[in-house]
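**Q** Sequence:
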Amino acid sequence: MHRASVVVSVFMWVATVGWAARGGAAPAPLAVRGDAQAWQEIHQAMARLASLRSYRVRSELGQGQTMVMEFVNPDRMRMVMAGGEMEIVQVGEQQRFRMAGGPWQCIATVPTPEMPTGQPAEGETEVTAERGPDAQVGGERTRTYR
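When the count follows this note's numbering, it moves up by one through the sequence shown with no breaks and lands on 146 for the last residue.
Since the hints were made in silico from the structure, they are not lab data.
Ideal Cβ positions, reconstructed from N, Cα and C, are used throughout, including at glycine.
Don't take each hint at face value.
[Claimed, not checked] Derived CB-CB ranges, DEER-like: (1) Gly92 with Glu126: 31 to 37 Å; (2) Ala100 with Glu124: 34 to 40 Å; (3) Leu61 with Glu41: 18 to 24 Å; (4) Trp104 with Gly139: 31 to 37 Å; (5) Gln105 with Thr125: 35 to 41 Å; (6) Asn73 with Trp104: 22 to 28 Å; (7) Arg48 with Arg141: 14 to 20 Å; (8) Arg96 with Arg48: 28 to 34 Å; (9) Glu126 with Pro103: 39 to 45 Å; (10) Ala47 with Ala135: 18 to 24 Å; (11) Cys106 with Val32: 40 to 46 Å; (12) Trp104 with Val72: 14 to 20 Å; (13) Gln105 with Asp75: 18 to 24 Å.
All chains, full assembly: derive it from the sequences and hints.
**A** Here's what the structure looks like:
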């Protein structure tokens, strides 16, 4: 089995989700601030996710809070925030959520997270990227980015 781990800040995730949700038009030329090699590595890693059967993305939200999203291509997703305080599950067009382990409820208005593409939000002409400190994830050395 081949495994790769990449930890990306939630800001990169939100930018990627926003771009994909708007249809994924060809991106404008980008100015990369910070570490251009880090941006290239982020772009390549995120773009590879679409070819996987399933994967998990963990984002640090700050103040010790995390968000974990699990995807099964092409149309299944589970998101858990704040250690289980909020959970969303999607299969196809159907979504359900629950708070703090309570009863499952229907969702009508929450936008669906899209599969990462490795591209910034539509209309963005600049990205900022930098390497973060290496970390251990599941016992494996992992490269992190901001």
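**Q** Indicate, hint by hint, whether the structure satisfies it.
**A** Here's how the hints hold up against the structure:
1. Gly92 with Glu126: 31 to 37 Å: holds, 36 Å
2. Ala100 with Glu124: 34 to 40 Å: holds, 35 Å
3. Leu61 with Glu41: 18 to 24 Å: holds, 22 Å
4. Trp104 with Gly139: 31 to 37 Å: holds, 33 Å
5. Gln105 with Thr125: 35 to 41 Å: holds, 40 Å
6. Asn73 with Trp104: 22 to 28 Å: Given a distance of about 23 Å, which is inside 22 to 28 Å, the answer is holds.
7. Arg48 with Arg141: 14 to 20 Å: This hint holds: roughly 18 Å between Cβ atoms.
8. Arg96 with Arg48: 28 to 34 Å: holds, 29 Å
9. Glu126 with Pro103: 39 to 45 Å: holds, 44 Å
10. Ala47 with Ala135: 18 to 24 Å: holds, 22 Å
11. Cys106 with Val32: 40 to 46 Å: Since Cys106 and Val32 have Cβ atoms about 41 Å apart, the given range 40 to 46 Å holds.
12. Trp104 with Val72: 14 to 20 Å: holds, 19 Å
13. Gln105 with Asp75: 18 to 24 Å: holds, 20 Å
In summary, this structure violates none of the numbered hints.
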